[in-house]
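Produce the entire structure from the sequences given, and follow the hints as far as they go.
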Amino acid sequence: MLEARPERVSKWAVLARLMAHIRQHKPRLALGLLCIICTNVFLLATPWVTGKYAVDGLQESITRQKLAYYAALIIGLTILQGVFRFFTRMLIIGVSRDVEYTLRNELFQHLESLSLSFYQKNKTGELMSRATNDLSNVRMLLGPGIMYTLNTGLIAAFAIVLMLKISWPLTVFSLLPLPLVSYSVRHFGKGIHDLTEEAQAKLADLSARVQESLAGIRVVKAFVQEKHEVAEFDRMNRSLVDKNRELIRVQSVFYPTMELMIGVAVVIVLWFGGRQVIQGAISVGDFVAFNMYLALLTWPMIALGWVVNLFERGRASMERLNYIFDAPADVRDEPGVRSDFQVEGSIEFRNLSFSYNGAPTLRNISLSIPKGKTVAIVGATGSGKSSLVQLIPRLYDAPPNSLFIDGVPVERIPLETLRRAIGFIPQDTFLFGETIRENIAFGVESASDADVQRSAEISNIHEDVQSFPNKFETMVGERGITLSGGQKQRTAISRAVVRDPKILILDDALSSVDTYTEEQILHELKQVMRHRTSILISHRVSTVKEADEIVVLANGAIVERGTHSELLARNGYYAELHQRQLLEEELESAG
Amino acid sequence: MHDEEVLGKAYDSRLMRRLITYLRPYKKFVAFALFLILFESVLEITFPWLTKIAIDRYIATSNLRGLTVIAAAFVGLLVLKFLCASLQTYTLQNTGQKIMYDMRMQVFQHLQGLAPSFYDKNPVGRLITRVITDVDVLNEMFSADIVSIFGDIFTLLGIMVAILVLNWQLGLVTLSVIPLIVLSTEMFRRKVRDSYRRVRIAIAKINAFLQEHITGMHIVQLYNREQKSFRKFDAVNREHLTANLDGIVAYAWFYPAIELLSSIAIALIIWYGGGKVMAGSLTLGALVAFLQYSRRFFQPIQDMSEKYNILQSAMASSERLFNLIDTPATVVNPVDALKPAGQPLGEIEFRNVWFAYNDDEWVLRDVSFHVSPGESVAIVGHTGAGKTTATSLLTRFYDIQKGEILLDGMNIAKLDLGYLRGSFAVVLQDVFLFSGTLESNIRLGSPISRERVSQAAQDVNLAPFLHTLPMGLDHPVNERGTTLSVGQRQLLAFARALAHDPQILILDEATSSVDTETEIQIRKAIEHLMEGRTSIIIAHRLSTIQRCDKIIVMHKGRVREIGTHQQLLAQRGIYYKLYQLQYKDQEVAVPGD
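Chains as they are written, first to last, in my numbering: chain W, 1 to 591; chain A, 1001 to 1593.
There may be inaccurate statements among the hints.
Stated by the list, open to error - Selected chain A positions facing chain W (Cβ under 8 Å, derived; list incomplete):
| # | residue |
| --- | --- |
| 1 | LEU1064 |
| 2 | VAL1124 |
| 3 | ILE1214 |
| 4 | ASN1224 |
| 5 | ALA1252 |
| 6 | LEU1394 |
| 7 | PHE1397 |
| 8 | VAL1426 |
| 9 | PHE1432 |
| 10 | PHE1434 |
| 11 | GLY1445 |
Said to hold, decoys possible - Label-pair ranges, simulated between beta-carbon atoms:
| # | chain 1 | residue 1 | chain 2 | residue 2 | range |
| --- | --- | --- | --- | --- | --- |
| 12 | A | ALA1341 | W | ASN357 | 54 to 60 Å |
| 13 | A | ASP1234 | W | SER366 | 42 to 48 Å |
| 14 | W | ALA316 | A | ASP1234 | 26 to 32 Å |
| 15 | W | THR124 | A | ALA1341 | 51 to 57 Å |
Don't read these hints as lab results, they were simulated from the structure. Don't be surprised by glycine CBs; every beta carbon is placed ideally from N, CA and C.
So this is what it looks like as structure tokens:
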């Protein structure tokens, strides 16, 4: 889903977002550039001192003091160079890390503004990979990418000028292999990168195969397929190894090839430079200095090829990131919302029809829930119960003018005000890997211990929590105590209750709680919700029977409505549900 | 995930000895690579020496011919080094791949032998990490570490010898920087490893946070938590930033430090060596060679330092891996296993069977029943009655604690495991499909002809569905078969059982509701499956129950009632209530039966 859109404006236009960030750090980057210049000036002075001053001096019998002075000069130059190199890295790589950090924060903030439909279209794993792998690629483009580009450019310019000063024919000949080095890094680098991706894909296949085989271990064993599984694994294992070998074949000549080319440049200097020394065109010191310049040019040339690949990868990653950044927040405040609105709690669906992904989910729903009343919704799976209540906090947007809170269309109420007034407990309980206390106080700015405790009592989780060694500080999830489904649901109810909402919505949120506990919770909730509006979705008659109105949904439409006794008298879906429940209870009590 | 970050010793002789055994089959390759590495080191040492000869013997004496010869020799050696290096890398890496292949096979094979109870306790994700990630970490050690560390040591020793031979006094002076190089490299390694570890932990935290908040984004939004969650994200993101910035500081110090040490070496050579040149006790060529040698100290020392880290994680990975390999298989083929010829008759008996997954939490209590060859039995009961458990004991997915289970009068614990399991066709409630094709899912890995697969598909009424597919039986099935409907998946599982044609059928009927047409197809397919077989069915369909010869009613781990549909209804016991609750409506629900 996260593929880049096909129409590409310009190859590098995708980086526009990045430019804005770079501009913010202009002073540091400018200073970084200055540091690079200084680094290279001092770096390139060293061979000059070593070769032209010291080595040449030796042949003209200089004094020992002079020699010591040169030695000290070399160390001094290196220290200066080191100081500037230190700051270069701190500044430029530092900027790249800062930009990465800001971009990641922006990404998360943007994700927070996207509605449920975005998350249904995009896989969690892919979104995560955007925030880590792709951001890291972009960071590499910014940091090492920029640093090495500048560095290579400057060092090459300076070194070549100095080398030309020593001997232009020697410069021309010895530099011949170097562009080849850059080219082969780029070429091999790309090949290695592609093959690595292919090998990674094979590894992912193998991993998926293990996953399948182990997840289906019962089928494997029942049909005595162990040998076949092993054979299949063997085949894929082999295919992975074969791909890796292809990669190894390229890799194993990569570095040796570079070494060879650089070595050839060294031999050219040795032979041609040696000739020039013999002919008296250059001195031995020139020869030594030249050798050192060549060595200094090696790494930047290697970096150049690498940097080109960094830029390409970074650009592709930025393109994928833009897919998220460009996704519009479709559920949001439109201009003209009533910013001073206060929610009282009456809800009205006015002839509401709603389609999801083109499929009609709700048809002509008209339902009015006065403030402080409790409405229950029952119906088979897929009848539209959840969709109906999800429209209230605008998890999805209802068509304009079809859903009203206190007589105001829901889209005219500020999203934050609206949601703040609602305690929504979804069907799939989702708790965070934090303490129980943090989970309960999740939706309030601050909650006193008394608030947390009170809401835990209401949802009947308080006693359970007291039995945990760390009480409310118990971690939910992996390394903490594993909560049962019922305990999770009750914690989720506390989370809603502590918000003291005007509207409470329980989307089948008591399904894992036994009937006795359920009754207690409902009883407690009733006290709390006396002046508030509640909507209960359930499969259980026991949950809904005391509601002011019970609505039966089928295929997205209301088919029955009334109180418990009215619906029993109708002898329809609700009455049948009731009958079943009684039998179930009887069976449960049978020894 | 964080406990995988714990680093232990870099060297553990017990683990290392066991790891070395994996190298044994490839001794020759390892020896060859070792030879190449050593040869490469020699070449590495030769180059500065050649420069010395060129300067002293030929440039100093203006011998152009000699210079050309030495340049040619230089090129020759370069090519030789190129060949050595390529061949060596290839040989080593290739051996690493072979060892990885062996290890993965070993782990996977071992996993296949472990009983389902092992899988109840160990999440599949963690096992995948063992097979994939841990093995990969070891590869790094095998292909980069164990052998090439000799190359580094040899190169370093070679350089030392060379410069001492050139001039032992200047040699000693130059070598004095080596302890400093080792010291700064080691400090850098620790610092970087530390920051790298913090970065990895921060990344893991970022991932965990994102995973949680992307899945729970609706909760974040419903509970107006955007600001607070953002602040939390900012905190982990900042942790990542600071860990990285510390790493930058380490790098920013390290490179200048190394350069400084390098220039100190140069300065020493210029000052002390230059003096010797002036005194005539050192040639100019030797001085240049010294300058070149001094630059070659750094690489091997840095390499060795890196290898320390690799070794450290390899030890941790191998420990986890060996632990897994050493986990004993609990359900194993008995010694002197009975393996009767041909198919069993299909007589089954449970004799006072007690079973618990965990000590003393009995799931089955004193269960006894008998099924004659060819008889069909429906097991019914409310949720948690122990129905599924009872059937999984038959195929020895778990071993019982008390009592006996007999097949054709023989205790199943004494039967050959392959024979036992091959006697049953098991259709589980939750149909598990593998990615592949419809055909591969029916056949699995068994030698079953295409005709029989196709026949089985027809017999379970898959034919109408197959006709709608352009590729028929070759229609691709994705992971878990999510593109197929519930009904299609069930029919596919039936076809799988039918194609394997075993004597005894174990069927755990799915409860999920399907449309009327599919329901009829499923009923017919079940009838077909039951024909001529001993059948044990955990039944949810009234039609299935009624077709069975007898009904076993289980309740809370015990067998409570046995009899026919009519007999049990008349008893007005548990079955009667179950019937009212679950089956009664089905009498009218599906027409045409």
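Check each numbered hint against the structure and report the violated ones by number, ascending.
The structure breaks only hint 6.
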